[in-house]
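Here's the letter readout for the chains.
There are 2 protein chains.
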Amino acid sequence: MTTALERTDKPALSEADFIAGFHAIGEERYHHKHPFHQLMHDGQLTRGQLQAWALNRYYYQSHIPLKDAAILARSHDHTFRVAWRKRVLDQDGDGVTPGGIEKWLKLVEATGLPRIQAVTGEGILPGTRYAVQEYVHFVSTHSNLEAVAASLTELFARKLIALRLDRLREHYPWLSTGLDYFTGRLTQAPEDADFALAWVVRHARTREEQDAAHAALRAKCDILWAQLDALYFAYINPGWPPPGAFVPPEPVPQ
Amino acid sequence: MTTALERTDKPALSEADFIAGFHAIGEERYHHKHPFHQLMHDGQLTRGQLQAWALNRYYYQSHIPLKDAAILARSHDHTFRVAWRKRVLDQDGDGVTPGGIEKWLKLVEATGLPRIQAVTGEGILPGTRYAVQEYVHFVSTHSNLEAVAASLTELFARKLIALRLDRLREHYPWLSTGLDYFTGRLTQAPEDADFALAWVVRHARTREEQDAAHAALRAKCDILWAQLDALYFAYINPGWPPPGAFVPPEPVPQ
Chain Y
0 MTTALERTDK
10 PALSEADFIA
20 GFHAIGEERY
30 HHKHPFHQLM
40 HDGQLTRGQL
50 QAWALNRYYY
60 QSHIPLKDAA
70 ILARSHDHTF
80 RVAWRKRVLD
90 QDGDGVTPGG
100 IEKWLKLVEA
110 TGLPRIQAVT
120 GEGILPGTRY
130 AVQEYVHFVS
140 THSNLEAVAA
150 SLTELFARKL
160 IALRLDRLRE
170 HYPWLSTGLD
180 YFTGRLTQAP
190 EDADFALAWV
200 VRHARTREEQ
210 DAAHAALRAK
220 CDILWAQLDA
230 LYFAYINPGW
240 PPPGAFVPPE
250 PVPQ
Chain U
0 MTTALERTDK
10 PALSEADFIA
20 GFHAIGEERY
30 HHKHPFHQLM
40 HDGQLTRGQL
50 QAWALNRYYY
60 QSHIPLKDAA
70 ILARSHDHTF
80 RVAWRKRVLD
90 QDGDGVTPGG
100 IEKWLKLVEA
110 TGLPRIQAVT
120 GEGILPGTRY
130 AVQEYVHFVS
140 THSNLEAVAA
150 SLTELFARKL
160 IALRLDRLRE
170 HYPWLSTGLD
180 YFTGRLTQAP
190 EDADFALAWV
200 VRHARTREEQ
210 DAAHAALRAK
220 CDILWAQLDA
230 LYFAYINPGW
240 PPPGAFVPPE
250 PVPQ
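Protein chains in written order, with numbering that gives the first Met the number 0: chain Y, 0 to 253; chain U, 0 to 253.
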């Protein structure tokens with residue numbers, strides 16, 4: 000699955016153009032544009048649909064430390080590892096302060112689902128599982144440059160999370176006990192993105208490497224987008240979860 | 000990703016009950032029930048939607064020899080390998096007689112798409128790629144018993160293919176030059192399924208192994224189903240392909 004770098008005779012992009020390329024990709028492909036998020040932000044999701052979202056996205060959250068550990072496991076750069084391991088700590092916690100996974104379980108509970116359902120993964124959509132596994136697989140089989148570049152969706156996360164926090168509080172006040180994950184990410188995501196972007200800029204020296212870094216961010220956007228596609232298709236329109244998937248406890252409006 | 004066999008105190012199923020379990024799973028979960036196929040068989044798909052189907056399913060077809068080679072690569076049973084390699088030959092061909100991949104490319108061409116688009120994979124849905132990669136990954140990380148059991152969707156293939164051949168000829172006569180793949184599978188699928196079922200029955204001796212074999216068939220049904228979910232969502236209802244995906248050349252009726 001490892002992608003051979005495509006040979007090109009084009010000169011390397013300037014740092015400004017290289018960075019602008021990431022932002023252009025985000026503008027086109029980041030999941031802030033997905034209609035599932037638009038319905039969420041407009042207050043049009045039912046509790047059952049939010050349960051399906053929290054349940055399925057837990058599977059993503061729970062795999063982020065595996066993804067980051069796979070990156071750590073392939074880096075021979077001690078300084079990089081020290082910086083990157085922060086992510087595993089942020090998500091797994093330290094046994095005292097809750098990490099991102101625990102905070103997401105609080106969100107699952109705030110929707111009214113038992114945490115055990117998320118932990119066991121019962122009823123998670125196959126489309127969710129395949130997309131998440133693709134992310135772990137991607138970072139395990141591509142260069143660390145591409146793996147770090149794939150994390151750069153965090154460049155766009157703060158804006159989406161700030162909007163989401165506002166709208167969740169406004170439209171779904173019964174979720175208010177479950178929003179710690181997002182308040183944490185308001186500061187973590189920009190810190191992580193700053194480090195990752197500086198590292199990618201420093202290590203993508205040729206045009207081939209720059210193109211591969213841009214492609215990695217596109218691939219990551221696809222992974223996020225596909226998870227919302229699966230949710231939208233199963234739970235919103237036309238609304239048939241595949242055999243064995245979570246069925247919301249209330250009717251889904253058509 | 001390897002699944003540990005779940006311990007159970009239940010006795011092994013009789014051969015008849017074990018086999019009946021596969022058929023019950025197929026009845027519930029095989030993709031003959033997916034609404035995409037129902038629209039296809041009712042003659043309600045546009046040429047553009049059939050192009051999207053042929054293009055995306057080519058990605059599945061082209062990965063079947065990789066899946067079967069992964070199974071071969073993990074089997075120490077010479078007799079099994081001799082039997083199983085037939086599948087690689089059936090799909091890849093022998094350089095003279097076309098194999099399944101080449102026949103599927105003829106189907107792609109019959110829909111009006113150039114074969115190069117399928118070969119390069121341009122515009123294939125991310126959801127298709129993730130589901131197909133999951134199949135290769137599944138057989139590479141589970142026991143050969145589970146990998147062979149996953150192939151048992153072929154038990155149900157003949158009936159679906161016979162119906163599909165009838166309906167494609169009836170509703171989409173312009174596809175008639177592209178149907179060799181299906182006529183070939185009318186005999187190959189039952190032969191392959193007979194061998195695989197006999198092998199699975201012989202090698203699943205404990206209830207744990209029998210349960211794992213049933214679970215593998217469920218996992219495979221999910222993989223097939225998820226591919227049609229992705230197609231249905233992108234191209235039928237409500238009809239927005241994700242950024243970068245194939246866009247049919249004619250409007251999709253709502």
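Derived from the structure by calculation, the hints contain no laboratory data. Computed from a prediction, not measured in an experiment: that's the story for all the values here. Every residue, glycine too, gets a C-beta built ideally from N, C-alpha and C. It is possible that some hints are incorrect.
[As the list claims (entries may be wrong)] Computed beta-carbon distance windows for the label pairs:
{"id": "1", "chain 1": "Y", "residue 1": "W239", "chain 2": "U", "residue 2": "T140", "range": "42 to 52 Å"}
{"id": "2", "chain 1": "U", "residue 1": "P189", "chain 2": "Y", "residue 2": "R204", "range": "52 to 62 Å"}
{"id": "3", "chain 1": "U", "residue 1": "L162", "chain 2": "Y", "residue 2": "R204", "range": "53 to 63 Å"}
{"id": "4", "chain 1": "U", "residue 1": "P189", "chain 2": "Y", "residue 2": "G20", "range": "16 to 26 Å"}
{"id": "5", "chain 1": "Y", "residue 1": "T205", "chain 2": "U", "residue 2": "E108", "range": "33 to 43 Å"}
{"id": "6", "chain 1": "Y", "residue 1": "G20", "chain 2": "U", "residue 2": "R166", "range": "38 to 48 Å"}
{"id": "7", "chain 1": "Y", "residue 1": "D76", "chain 2": "U", "residue 2": "T140", "range": "50 to 60 Å"}
{"id": "8", "chain 1": "U", "residue 1": "P248", "chain 2": "Y", "residue 2": "K9", "range": "52 to 62 Å"}
Do the hints match the structure? See the list:
Take Y:W239 and U:T140: their Cβ atoms lie about 30 Å apart, and the range 42 to 52 Å is violated. Checked against the hint of 52 to 62 Å, the C-beta distance between U:P189 and Y:R204 comes to roughly 56 Å, which is consistent with it. As the Cβ distance of U:L162 to Y:R204 is approximately 57 Å, the hint placing it in 53 to 63 Å holds. The hinted window of 16 to 26 Å between U:P189 and Y:G20 is violated, with their beta carbons roughly 52 Å apart.
At roughly 38 Å, the beta carbons of Y:T205 and U:E108 sit within the given window of 33 to 43 Å. Checking the proposed 38 to 48 Å range against Y:G20 and U:R166 shows it holds: the Cβ atoms sit about 47 Å from each other. Hint check: Y:D76 to U:T140, Cβ distance near 29 Å, so the stated range 50 to 60 Å is violated. A beta carbon spacing of about 31 Å between U:P248 and Y:K9 contradicts the range 52 to 62 Å that was offered as a hint.
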